[in-house]
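Chemist: Chain by chain, the residues:
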Amino acid sequence: MFATLVTTVFAAASMLSGITGDLRLGEKYLALIPVQLKCGTEVVEGKTDAAGSFHLTAKGGGKCQVSVTYEKQTAALDVVLFDQPARYRLQLELKDGKYVLKRV
Amino acid sequence: MTDRDGDAKDFWDKLRIILSPIGGLLTALAVASLGFIGSRTVERQQAAEAKIRLYSELMTRREESEATLRKEMFQSIIGSFFDAGSASLETKLLKMELLAENFHEALNLAPLFKSIHREITGGSEPPRLKQAYEARLADLAREVTRKQMLVLESGGKRKDWTVVFSDSLAEGAAPVQLEDAELTLDGIKRRFRVTISRADTIASELKMALEVETVAQPGVPSEAVGRHVVEFDVGFYSTPMIDNTRLSNDQRVAVVLSDMNRFGASVSLIYFPGSRASLREKPYYEEILRKLADTGQGR
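Chains X and R supply the protein sequences, listed in that same order.
Residue 1 is where the first sequence starts when you use the working numbering, and the numbers rise one by one after that.
Residue 1001 is where the second sequence starts when you use the working numbering, and the numbers rise one by one after that.
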């Protein structure tokens, strides 16, 4: 019984995965910007901290989408979630008046 | 007339009489000062040189003792891998961890990683234990790569990509071209283009081509200008310090598989100076030179 419980807890914990990283506009790190991670139906909301870093954890995995809302515009990028948190250095670029989110 | 002329001393004669001993004194003082300053300068130079000698002596001794220790450790670990009727997988994994943690900058560990991986998959252990061993081996390889990337990144430039797999990429039918990376290192600008032609999710390997374009620019030899393409496979066991492509101007480029599952992969490119590649006993040569230069400035 105890072994089953431990296995279940570990299995659940191991299924948690996510992304960590930072967000920039040019050379400037963006603080307190809403960041969203969408994996299927699961949506995880977060914000960059004062240093422009973020960490989002999702229960699911696989193909997901990370999006950033900046100056009333939302830019998104396809990401993949692995067993271990992946580091994403994200950069917003202004192209033809629209912000584009890129991994650098 | 002659006597009177001889007795009469004008202003200049008097000045000459007064100044001649002072002149001698000043000359003596100047010579003494020169000698003093000269000896002080020589003394300072000698002291600085003695410091540099001591520093390099200490470094040499440290490196010698480290090299001896590492040599003995290496011989002991690597020897045990080839012993007949060798140890269990658990012991081999532990030895692999020791080897990888201590010699990853000097040795291409990919053949050993692959050998142990083959032993795990072909072994008679229960499936759960096999999975645990495989995960442990993959974690070790990724940890080695992560450590090397940290070192290389501190002296180079990095670009990361996320590759979302499609069925056609897994079959090798439709290659995926990643966004070009334009990176500048030590004033040399190059464009890198990575094209993934196949994703093997079972073996966790990507087959790819790397195109490097170097345009004509100051400091780059004319024969290095142009586009060059290399094709290779990248897996978790490919480490950037060892598995890299040599570029002109003593520079290197490596592509690393940071993570991979059946949905996609995380791929990184690192463009770094050749001084950081392969076996470079710490501290690096440029670090020693910088320290020597700092000692010189501190005189």
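Derived from the structure by calculation, the hints contain no laboratory data.
There may be inaccurate statements among the hints.
Heads up, simulated DSBU-like pairs for lysine-lysine below, C-alpha to C-alpha not over 30 Å straight-line [what the hints assert, rightly or not]:
| id | chain 1 | residue 1 | chain 2 | residue 2 |
| --- | --- | --- | --- | --- |
| 1 | R | K1130 | R | K1207 |
| 2 | X | K63 | R | K1157 |
| 3 | X | K59 | X | K95 |
| 4 | R | K1189 | X | K47 |
| 5 | X | K47 | X | K95 |
| 6 | X | K59 | R | K1189 |
| 7 | R | K1114 | X | K63 |
| 8 | X | K63 | R | K1207 |
| 9 | X | K95 | X | K63 |
| 10 | X | K102 | R | K1114 |
| 11 | X | K63 | X | K28 |
| 12 | X | K102 | X | K28 |
| 13 | X | K98 | R | K1114 |
| 14 | R | K1130 | X | K95 |
| 15 | R | K1189 | R | K1114 |
| 16 | R | K1207 | X | K102 |
| 17 | R | K1147 | R | K1071 |
| 18 | X | K98 | X | K63 |
| 19 | X | K59 | X | K72 |
| 20 | R | K1157 | R | K1130 |
| 21 | R | K1071 | X | K98 |
| 22 | R | K1147 | X | K28 |
Calculated from the model, a selection of chain R residues having no Cβ within reach of chain X, i.e. all distances over 10 Å [claimed, not checked]:
| id | residue |
| --- | --- |
| 23 | R1016 |
| 24 | I1052 |
| 25 | E1072 |
| 26 | I1078 |
| 27 | S1080 |
| 28 | F1081 |
| 29 | F1103 |
| 30 | E1125 |
| 31 | V1163 |
| 32 | S1168 |
| 33 | V1176 |
| 34 | N1261 |
Backbone N, C-alpha and C define an ideal beta-carbon position, used for all residues, glycine too.
Chemist: None of the hints should be skipped; say for each whether it holds.
Modeler: Each hint, compared with the structure:
| no. | hint | verdict |
| --- | --- | --- |
| 1 | R:K1130 / R:K1207 | 26 Å, holds |
| 2 | X:K63 / R:K1157 | 27 Å, holds |
| 3 | X:K59 / X:K95 | 34 Å, violated |
| 4 | R:K1189 / X:K47 | 35 Å, violated |
| 5 | X:K47 / X:K95 | 24 Å, holds |
| 6 | X:K59 / R:K1189 | 42 Å, violated |
| 7 | R:K1114 / X:K63 | 28 Å, holds |
| 8 | X:K63 / R:K1207 | 21 Å, holds |
| 9 | X:K95 / X:K63 | 26 Å, holds |
| 10 | X:K102 / R:K1114 | 34 Å, violated |
| 11 | X:K63 / X:K28 | 28 Å, holds |
| 12 | X:K102 / X:K28 | 15 Å, holds |
| 13 | X:K98 / R:K1114 | 47 Å, violated |
| 14 | R:K1130 / X:K95 | 49 Å, violated |
| 15 | R:K1189 / R:K1114 | 36 Å, violated |
| 16 | R:K1207 / X:K102 | 24 Å, holds |
| 17 | R:K1147 / R:K1071 | 22 Å, holds |
| 18 | X:K98 / X:K63 | 24 Å, holds |
| 19 | X:K59 / X:K72 | 28 Å, holds |
| 20 | R:K1157 / R:K1130 | 37 Å, violated |
| 21 | R:K1071 / X:K98 | 58 Å, violated |
| 22 | R:K1147 / X:K28 | 27 Å, holds |
| 23 | R1016 | 74 Å, holds |
| 24 | I1052 | 39 Å, holds |
| 25 | E1072 | 34 Å, holds |
| 26 | I1078 | 29 Å, holds |
| 27 | S1080 | 30 Å, holds |
| 28 | F1081 | 28 Å, holds |
| 29 | F1103 | 24 Å, holds |
| 30 | E1125 | 18 Å, holds |
| 31 | V1163 | 8 Å, violated |
| 32 | S1168 | 16 Å, holds |
| 33 | V1176 | 12 Å, holds |
| 34 | N1261 | 6 Å, violated |
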